[in-house]
Amino acid sequence: MSMQVPADFEAKIDAVILRYPVSKRSASLPLLHLWQERFGYISPYAIEWIAAKLELEPINILELVTFYPMFRQKPVGTCHIRVCRTLSCAMAGGYGLMKQLCEKTGIERPDHPDHHDPIAVSSDGKWSIEFVECLASCGTGPVCMVNDDFHEAVSPEKIGELVAHYEEK
Amino acid sequence: MVAPLQNPPHPKERRLLFANLARPDFTNDIACSLKHGGYEDLKKAIKMKPADITAEVKTGAVRGRGGAGFPCGVKWGFIRPDNTKPVYLICNADESEPGTFKDRYIIHQDPHQLIEGMVISCFAVNAKLAYIYIRGEFPEGAKILEKALDEARTKNFLGKDILGSGFDCEIYVHRGAGAYICGEETGLIESLEGKRPYPRIKPPYFPAALGLYMCPTIVNNVETLCHVKHIIKMGGAEYAKLGRPNNTGTRVLCVSGDVMKPGNFEVEVGAVTMGELINDMCGGLKPGRKLKAIIPGGSSAKVLRADERFKLKSKDADGNPVEKEIGIEDIVLDFDTLAAIGSMAGSGGVIIMDDSRDMVETLANLNEFYAHESCGQCTPCREGSLWMKKITARMVEGHGADSDTATLKSVADNIAGKTICAFGEACAWPTQSFVAKFREEFEAKSKPTAVAGDGHHDEPTESEIALAGVEQ
Numbered sequence: 031m032s033m034q035v036p037a038d039f040e041a042k043i044d045a046v047i048l049r050y051p052v053s054k055r056s057a058s059l060p061l062l063h064l065w066q067e068r069f070g071y072i073s074p075y076a077i078e079w080i081a082a083k084l085e086l087e088p089i090n091i092l093e094l095v096t097f098y099p100m101f102r103q104k105p106v107g108t109c110h111i112r113v114c115r116t117l118s119c120a121m122a123g124g125y126g127l128m129k130q131l132c133e134k135t136g137i138e139r140p141d142h143p144d145h146h147d148p149i150a151v152s153s154d155g156k157w158s159i160e161f162v163e164c165l166a167s168c169g170t171g172p173v174c175m176v177n178d179d180f181h182e183a184v185s186p187e188k189i190g191e192l193v194a195h196y197e198e199k
Numbered sequence: 135m136v137a138p139l140q141n142p143p144h145p146k147e148r149r150l151l152f153a154n155l156a157r158p159d160f161t162n163d164i165a166c167s168l169k170h171g172g173y174e175d176l177k178k179a180i181k182m183k184p185a186d187i188t189a190e191v192k193t194g195a196v197r198g199r200g201g202a203g204f205p206c207g208v209k210w211g212f213i214r215p216d217n218t219k220p221v222y223l224i225c226n227a228d229e230s231e232p233g234t235f236k237d238r239y240i241i242h243q244d245p246h247q248l249i250e251g252m253v254i255s256c257f258a259v260n261a262k263l264a265y266i267y268i269r270g271e272f273p274e275g276a277k278i279l280e281k282a283l284d285e286a287r288t289k290n291f292l293g294k295d296i297l298g299s300g301f302d303c304e305i306y307v308h309r310g311a312g313a314y315i316c317g318e319e320t321g322l323i324e325s326l327e328g329k330r331p332y333p334r335i336k337p338p339y340f341p342a343a344l345g346l347y348m349c350p351t352i353v354n355n356v357e358t359l360c361h362v363k364h365i366i367k368m369g370g371a372e373y374a375k376l377g378r379p380n381n382t383g384t385r386v387l388c389v390s391g392d393v394m395k396p397g398n399f400e401v402e403v404g405a406v407t408m409g410e411l412i413n414d415m416c417g418g419l420k421p422g423r424k425l426k427a428i429i430p431g432g433s434s435a436k437v438l439r440a441d442e443r444f445k446l447k448s449k450d451a452d453g454n455p456v457e458k459e460i461g462i463e464d465i466v467l468d469f470d471t472l473a474a475i476g477s478m479a480g481s482g483g484v485i486i487m488d489d490s491r492d493m494v495e496t497l498a499n500l501n502e503f504y505a506h507e508s509c510g511q512c513t514p515c516r517e518g519s520l521w522m523k524k525i526t527a528r529m530v531e532g533h534g535a536d537s538d539t540a541t542l543k544s545v546a547d548n549i550a551g552k553t554i555c556a557f558g559e560a561c562a563w564p565t566q567s568f569v570a571k572f573r574e575e576f577e578a579k580s581k582p583t584a585v586a587g588d589g590h591h592d593e594p595t596e597s598e599i600a601l602a603g604v605e606q
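Which chain is which? The protein sequence lines are C and B, in order. According to my numbering, the first sequence is numbered sequentially starting from 31. According to my numbering, the second sequence is numbered sequentially starting from 135.
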């Protein structure tokens with residue numbers, strides 16, 4: 031399970047830890063973010079490595095990964111979509127957006143996904159999707175994110191264009 | 135990626151915080167900020183005595199804009215004068231109360247306003263280290279803030295010996311990871327310590343006494359910290375003339391749902407009524423639609439029914455108590471009025487629902503949110519939020535049971551007031567208010583309506599019936 035953590039990555043991590051002069055443990059979330067951005071998901075090795083780096087027990091890191099919705103323990107698609115599910119977006123068509131995005135990207139998503147494993151991935155691994163709770167743009171619903179990009183007022187006629195944009199990437 | 139606010143200010147608006155946000159010529163870099171008076175108020179504040187800044191903020195009487203509406207200056211004053219521990223300041227940028235979308239715009243379009251407000255606040259409470267806890271779903275916002283902080287450092291608005299004052303202060307960005315409970319200040323602190331964000335019990339863990347790393351800590355909302363800058367600019371007494379007594383300043387109302395023009399509107403607190411907000415500022419309801427319900431202060435605030443009458447107590451010119459009855463459109467949008475009619479101004483998120491909306495479906499949506507976001511620490515909330523979600527979900531699918539309306543009320547009543555943090559109330563209030571005010575819709579769905587024989591009809595379990603009976 032071991033791997034060589036790239037030197038440039040470790041340097042970045044060391045710099046972030048310095049932002050928490052009182053307690054290194056505070057760097058847990060930032061390190062998990064950095065790891066996930068670089069390697070796509072939090073592997074068992076990541077948990078061991080980050081715990082060792084911060085002089086913690088692995089359970090101290092694992093309990094964060096299982097609590098915070100943004101951390102995942104499996105790879106996702108190259109383009110990961112988060113659709114806002116909460117009230118204002120739902121009233122503006124959030125559920126329809128989810129359905130159409132699934133159709134256009136070929137993702138088969140169950141109506142009631144497992145709470146602990148909410149992400150559906152397309153068979154070619156290009157796309158993945160999940161519902162997330164309020165993305166704080168209630169006035170311009172329905173909204174979604176594709177990777178780190180935010181998209182608002184995604185009306186049905188804009189969905190094709192949105193998917194095509196990322197299809198090329 | 136976030137489109138600039140297109141609308142010029144409505145005549146009823148009074149933009150302080152959002153003054154630069156609709157301008158096509160305004161960018162979020164420090165050069166533009168400086169050109170438009172950025173950091174002038176820091177230059178003024180850093181020459182003041184910290185206690186005088188706190189006094190100005192107390193005089194300005196700005197109430198916290200994150201949800202609870204607690205006076206900011208009073209919060210600062212809770213740090214003991216004989217304190218010898220380090221003090222920390224945290225900006226709560228975890229904006230995640232459904233219906234609220236103001237901080238996103240400030241962070242994206244005018245980050246230096248926030249940083250300036252933070253440095254002034256740090257100087258006032260003697261915090262040399264501060265964090266901006268920004269929700270994980272704002273990756274671009276986090277990058278913008280990092281860049282803005284770097285720019286502020288190069289200009290010595292941050293770092294060692296700020297503007298020759300001898301005061302050192304550092305601010306770092308800390309990203310959350312998708313958990314609503316991190317907006318609760320003690321949960322936020324736990325999260326910033328690298329733990330699960332289980333809120334702490336108060337007392338003894340009031341952040342101003344035992345906060346981050348068990349040191350005095352001030353946690354303020356993005357909007358509140360921006361107001362500090364404007365209080366310094368205007369002076370506390372002048373600032374307090376905005377709005378109404380005990381409801382001072384401006385605030386950003388975030389309107390979403392069934393109106394023609396949803397969006398953000400910055401108004402003097404209490405300057406507009408609900409009717410003016412909907413009909414004048416938001417362009418009214420959609421054609422042919424009638425108002426049905428309003429959630430006035432973020433999803434946790436108790437819902438208001440369109441045909442409800444509200445009794446308000448006040449005093450006449452001679453000081454005699456008088457009671458007057460008002461309708462939903464007459465509600466003045468300030469902290470005290472919304473509290474007096476049994477709801478709250480909360481985070482400023484106003485969600486409008488017209489007569490096309492099914493109230494059981496609406497509550498089911500919110501219940502799913504709260505069930506997902508309960509941290510699980512306290513049993514009534516962990517079990518109750520999930521239970522309420524299951525009931526409203528099956529009611530929506532046509533598998534309601536006769537006891538459902540009563541069970542919903544009973545479960546909600548058994549969460550509120552019985553948990554460590556206010557999430558208990560936040561998840562109970564929607565159910566309590568929706569069921570009480572739209573009882574007929576809930577009772578109509580409290581019976582199976584789905585096609586018989588599809589195998590999905592959920593009879594309540596024995597334990598559900600037993601628990602529901604506890605309060606009856």
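To be clear, the hints were calculated from the coordinates, so they are not data collected in a lab. Take the hints with a grain of salt, since some may be wrong.
Stated by the list, open to error - Taking lysine-lysine pairs in the BS3-like style, the calculated list, with each CA pair at most 30 Å apart, reads:
| hint | chain 1 | residue 1 | chain 2 | residue 2 |
| --- | --- | --- | --- | --- |
| 1 | C | 104 | B | 329 |
| 2 | B | 192 | B | 177 |
| 3 | B | 294 | C | 83 |
| 4 | B | 281 | B | 181 |
| 5 | C | 129 | B | 281 |
Claimed, not checked - Taking CB as the label site, the calculated pair distances span:
| hint | chain 1 | residue 1 | chain 2 | residue 2 | range |
| --- | --- | --- | --- | --- | --- |
| 6 | B | 298 | C | 51 | 23 to 31 Å |
| 7 | B | 163 | C | 37 | 43 to 51 Å |
| 8 | C | 42 | B | 293 | 16 to 24 Å |
| 9 | C | 197 | B | 208 | 30 to 38 Å |
| 10 | B | 288 | C | 42 | 17 to 25 Å |
By construction, the Cβ of each residue, glycine as well, lies at the ideal position given by its N, Cα and C atoms.
We went through each hint and held it up to the structure:
no.: 1; hint: C:104 - B:329; verdict: holds (22 Å)
no.: 2; hint: B:192 - B:177; verdict: holds (20 Å)
no.: 3; hint: B:294 - C:83; verdict: holds (29 Å)
no.: 4; hint: B:281 - B:181; verdict: holds (27 Å)
no.: 5; hint: C:129 - B:281; verdict: violated (37 Å)
no.: 6; hint: B:298 - C:51: 23 to 31 Å; verdict: holds (24 Å)
no.: 7; hint: B:163 - C:37: 43 to 51 Å; verdict: violated (32 Å)
no.: 8; hint: C:42 - B:293: 16 to 24 Å; verdict: holds (21 Å)
no.: 9; hint: C:197 - B:208: 30 to 38 Å; verdict: violated (55 Å)
no.: 10; hint: B:288 - C:42: 17 to 25 Å; verdict: holds (21 Å)
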